[in-house]
Amino acid sequence: MSNTTTDTSPDGAEDQDLGAAGAQLSTAPREEPQLPGLGVIGWARWFWRQLTSMRVALLLLLLLSLGAIPGSLIPQTGIDITKVEDFRKSHTVLAPIYDKLGLFHVYSSVWFSAIYILLFVSLIGCIVPRTWQFVGQLRGRPPGAPKRLTRLPAYTTWRTEADPEQVRAAALALLKKRRFRAHAAGDSVAAEKGYVRELGNLAFHVALIVLLTAFAWGQMFKSDGTKLVVEGDGFSNSILQYDDFKSGSLFTNDDLAPFSFDLKDFKGTYELTGPNRGTPRLYQATMKYSQGAYGKEKSTTVKVNSPLKIGDAKVYLVSHGYAPVITVRDGKGDVVYQDAVPLLPLDGNVTSTGVVKVMDGYKNAEGVTEQLGIKAFLLPTYGGAGQETASTFPALLNPVLNLEPYHGDLGVDSGIPQSVYQLNKNHMKDYKDSDGKQLRTNLKPGETLTLPNGAGSVTFEKQIKEWAGFEIVQEPGSGWALGGAVAAILGLAASLFIQRRRVWVRAVRGADGVTVVEMAGLGRSESAKVPEELGDLAGTLYDQAPGAPDPDPDPSPTPDPQVVPAEGAEKQ
Amino acid sequence: MTSAATTELAVATNEHLASISNTLIYSAMAVYTLAFFAYIAEWLLGSRSKVGRTAAALTADATKKAAAPAVTVKKAGSTAVLERPKVVVRSAAGARDVPDGPGAHGGDEQGDMYGRIAVSLTVLAFLVELAGVIARAASVERAPWGNMYEFNITFSTVAVGVYLALLALKKNIRWLGLFLITTVLLDLGLAVTVLYTASDQLVPALHSYWLYIHVSTAIFCGAVFYVGAVATILYLFKDSYENKLLGGGTPGKFATSVLERLPASASLDKFAYRVNAAVFPLWTFTIIAGAIWAGDAWGRYWNWDPKETWSFITWVAYACYLHARATAGWKGRKAAYLALIAFGCWLFNYYGVNIFVSGKHSYAGV
Ligand code: HEM
Numbered sequence: 001m002s003n004t005t006t007d008t009s010p011d012g013a014e015d016q017d018l019g020a021a022g023a024q025l026s027t028a029p030r031e032e033p034q035l036p037g038l039g040v041i042g043w044a045r046w047f048w049r050q051l052t053s054m055r056v057a058l059l060l061l062l063l064l065s066l067g068a069i070p071g072s073l074i075p076q077t078g079i080d081i082t083k084v085e086d087f088r089k090s091h092t093v094l095a096p097i098y099d100k101l102g103l104f105h106v107y108s109s110v111w112f113s114a115i116y117i118l119l120f121v122s123l124i125g126c127i128v129p130r131t132w133q134f135v136g137q138l139r140g141r142p143p144g145a146p147k148r149l150t151r152l153p154a155y156t157t158w159r160t161e162a163d164p165e166q167v168r169a170a171a172l173a174l175l176k177k178r179r180f181r182a183h184a185a186g187d188s189v190a191a192e193k194g195y196v197r198e199l200g201n202l203a204f205h206v207a208l209i210v211l212l213t214a215f216a217w218g219q220m221f222k223s224d225g226t227k228l229v230v231e232g233d234g235f236s237n238s239i240l241q242y243d244d245f246k247s248g249s250l251f252t253n254d255d256l257a258p259f260s261f262d263l264k265d266f267k268g269t270y271e272l273t274g275p276n277r278g279t280p281r282l283y284q285a286t287m288k289y290s291q292g293a294y295g296k297e298k299s300t301t302v303k304v305n306s307p308l309k310i311g312d313a314k315v316y317l318v319s320h321g322y323a324p325v326i327t328v329r330d331g332k333g334d335v336v337y338q339d340a341v342p343l344l345p346l347d348g349n350v351t352s353t354g355v356v357k358v359m360d361g362y363k364n365a366e367g368v369t370e371q372l373g374i375k376a377f378l379l380p381t382y383g384g385a386g387q388e389t390a391s392t393f394p395a396l397l398n399p400v401l402n403l404e405p406y407h408g409d410l411g412v413d414s415g416i417p418q419s420v421y422q423l424n425k426n427h428m429k430d431y432k433d434s435d436g437k438q439l440r441t442n443l444k445p446g447e448t449l450t451l452p453n454g455a456g457s458v459t460f461e462k463q464i465k466e467w468a469g470f471e472i473v474q475e476p477g478s479g480w481a482l483g484g485a486v487a488a489i490l491g492l493a494a495s496l497f498i499q500r501r502r503v504w505v506r507a508v509r510g511a512d513g514v515t516v517v518e519m520a521g522l523g524r525s526e527s528a529k530v531p532e533e534l535g536d537l538a539g540t541l542y543d544q545a546p547g548a549p550d551p552d553p554d555p556s557p558t559p560d561p562q563v564v565p566a567e568g569a570e571k572q
Numbered sequence: 001m002t003s004a005a006t007t008e009l010a011v012a013t014n015e016h017l018a019s020i021s022n023t024l025i026y027s028a029m030a031v032y033t034l035a036f037f038a039y040i041a042e043w044l045l046g047s048r049s050k051v052g053r054t055a056a057a058l059t060a061d062a063t064k065k066a067a068a069p070a071v072t073v074k075k076a077g078s079t080a081v082l083e084r085p086k087v088v089v090r091s092a093a094g095a096r097d098v099p100d101g102p103g104a105h106g107g108d109e110q111g112d113m114y115g116r117i118a119v120s121l122t123v124l125a126f127l128v129e130l131a132g133v134i135a136r137a138a139s140v141e142r143a144p145w146g147n148m149y150e151f152n153i154t155f156s157t158v159a160v161g162v163y164l165a166l167l168a169l170k171k172n173i174r175w176l177g178l179f180l181i182t183t184v185l186l187d188l189g190l191a192v193t194v195l196y197t198a199s200d201q202l203v204p205a206l207h208s209y210w211l212y213i214h215v216s217t218a219i220f221c222g223a224v225f226y227v228g229a230v231a232t233i234l235y236l237f238k239d240s241y242e243n244k245l246l247g248g249g250t251p252g253k254f255a256t257s258v259l260e261r262l263p264a265s266a267s268l269d270k271f272a273y274r275v276n277a278a279v280f281p282l283w284t285f286t287i288i289a290g291a292i293w294a295g296d297a298w299g300r301y302w303n304w305d306p307k308e309t310w311s312f313i314t315w316v317a318y319a320c321y322l323h324a325r326a327t328a329g330w331k332g333r334k335a336a337y338l339a340l341i342a343f344g345c346w347l348f349n350y351y352g353v354n355i356f357v358s359g360k361h362s363y364a365g366v
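The listed protein sequences derive, respectively, from chains X and Z. Quick note: the first sequence uses the UniProt record's numbering, first residue 1, plus one each step. Quick note: the second sequence uses the UniProt record's numbering, first residue 1, plus one each step.
Isolated chain X (complex conformation) (with noise of 0.2 Å):
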């Protein structure tokens, strides 16, 4: 193809004069510096001004960044309350401090809000004069060319024996070809390239207004909640029915989808031997559910990746753990107890602990009514000696069950609300054993420990049960934040890849009676793209025009004297 050389670069200030040429390549406002008029009317608009330049943008959107830091080192309640109630206590004098920052829920705090919506507010108004000014742009036409095609960043020239309105056909023509917008204007034709460009920069910033909305609208109107089913239990979707629920602002009970569903069978398979033993392979519950207050009961999996999608809610397995059924008998051999009691895992390898509580239906051997809390620690598979503080795999391979008793007063009913796994032992005392010790034993299925002196008996059931974790979560607006996101990736591609671009080319009968053609381009930043295009099309134009010999051996560069800045070059 055509070769390229490089021209060192003139003084800048003549640059100017590529005039309307170089304007409107892109719909980026200007920056100019502006003192506020006076009164209120003035100081708004200098205020709006401001906000939507390039300037304030860039502010912003490193405000966000920093902003959106503590909350990826503080706890957040939103995420975590745990360790949000645990950091209170340990940092008496900085908790306080951080409350009335908002740094524990730094992503809804006033300022954080402030900065996105500040953010959001400029970029709309970003966005509405620049479409204008884009669609204005597609409806008229690429500007003429500038008087001098000599200053711009790419250039060509030769002489030909054709007629200049044969060449400028010729060029129109190509140019079209080319997928140019191009008209002819006076002595040259006009073309430009790669519209994409902008409006895939405007669809990126109206996606990016998308996405946010619709975040925005499922945050508020979203729901989330966790429950903990044993098999064999169901669970029917209303607020009471939730372990833990958290709501969006505007959510209201009557959004929660009807339905219920019951945890027939959870199963999970882990590998066995290798270097990756114990690696779940597989948690799987198997449930009926049904939609509505009547509706048909239907089976299903629910799988950790694939959760169940119900109307507008989803169903997801997050947790799993065992749920030992326990027995326990008073001093007369009556069964007062008799439950699946789930254990939270600790580890890896599902080494679990949990309460048994006995509130009430119990006697001691003296007939007096009292409260029952067993403590109770799960190995599914011991290990052996030596190895009785975890659980060495997952699955039930050699489960034992640790039991340490104590009799009292629970303390549940004294209103403070108290977690069903923890046991509160201020009102409760412990069981001895023969030695004098406190009472602690480790059952297999089937086993029974006898409580010392008729105080009845806690049996560990051969049946062993397991519990599945759901988080049942509704967020509209997700589909809308799905589409945003893919416009935005495809209109930022566009934006970055494609190249806005000016081609011109003049030809004009010199004093000889030759044809002397000049062809220019201009991108909107410097590319090497431009002048290979330029190169490209010159090569071919060249062939349907090609050169007259050179009347003057050794030509010299003689630039226009006049400099006028290239007024002629209006869009038409």
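Quick caveat, the hints were computed from the structure, so don't treat them as lab data. Among the hints, a few may not be true.
Stated by the list, open to error - Below, computed lysine-lysine pairings styled on BS3-like, alpha-carbon distance capped at 30 Å:
| id | chain 1 | residue 1 | chain 2 | residue 2 |
| --- | --- | --- | --- | --- |
| 1 | X | LYS332 | X | LYS425 |
| 2 | X | LYS529 | Z | LYS334 |
| 3 | X | LYS529 | Z | LYS253 |
| 4 | Z | LYS334 | X | LYS298 |
Once you've looked at the hints, dock chain Z with the ligand against the given chain X.
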């Protein structure tokens, strides 16, 4: 054959593969070290005869300024066989017109030979490391990015791959070699000592094809951002050097020797910009793929988990950088600082968040 025997065989194969992988990684490090010395040789033996190109161009420029703008109007020759028109390119107003340096070898033949040897060794080391990564993947029967050790070895493989791909595309970036291989050696050294993990667990949340999409693009973006960051740092040095020359100063001998061979600051800057801009959409995609995966696995597509937050911060920082260049006209140093801050965020997201902050992503842990 009993099933027990088969499993045992499988175990043996896996452990065998894992140890093969380790051997390959160590071998790759050895070859990288050789490549490192070859690059050093290229720099040391490369001639310094071309020193002064920048200075010459800059001082020549000053005298040229007064002269009439030289517009080379190339015309078809006067012979019967006419040549095609030539395109004349002018750089933007105010831009310095400094020629690119000749590269690390400094135009010296012996230096060039060492440079070629270095690239060949880099290719070899890359292949060995790639084999190591694949063996590791085969031994754990999944993609090789379940923990930081695996992430590190994959990351450096991809970074070197990006470098070699750019070389194969005939881009003038051999000068990047020494800086790249130095950090690759550091990265691998860290991987085999501090971060080494023999085997590790992959929770079912990681069983998703989004993992493959999300993590592979994340690693790729990181590698490309890294290349961009190295170019940016070199740009800053070269730019100060050119400024010093323009101001009439004489930079130190060492600086001159190194910086003279690098491309002109404008070229470095442009290269860094192109590299960063080219992967930014992919980085955007990476975050969105992560969000989709989180939506499937955790029930919420965006939860301000520390990893998510830092990906977001990194994204905004790069957006700032692109924005600054596209609109506010912050070419040059100011934009370069933004680019470095953005890369710093990326690094923190990778090392800092995994090590110092706990979150749902922490199973990618040490
Ligand atoms: C929400 C935060 C924003 C982000 C993440 C963002 C991101 C970007 C990115 C990555 C580019 C680079 C595209 C390119 O190089 O061509 C860009 C360009 C641009 N942005 Fe933004 N932007 C944001 C807000 C804004 C705001 C508030 C304004 C207006 C005040 C604005 C106006 C522009 C303009 C004029 C361009 C350049 C268009 C061109 O090159 O022709 N952006 N933006």
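Comparing the hints with the structure gives:
1. With a CA separation close to 26 Å, the supplied pair X:LYS332 and X:LYS425 stays within the 30 Å bound.
2. Taken as a hint, the X:LYS529 and Z:LYS334 pair is honoured in the structure, with Cα atoms around 26 Å apart against an allowance of 30 Å.
3. With a CA separation close to 37 Å, the supplied pair X:LYS529 and Z:LYS253 exceeds the 30 Å bound.
4. For the hint linking Z:LYS334 to X:LYS298, the alpha-carbon distance of about 61 Å lies beyond 30 Å, and the restraint is violated.
Of the numbered hints listed earlier, those contradicted by the structure are 3, 4.
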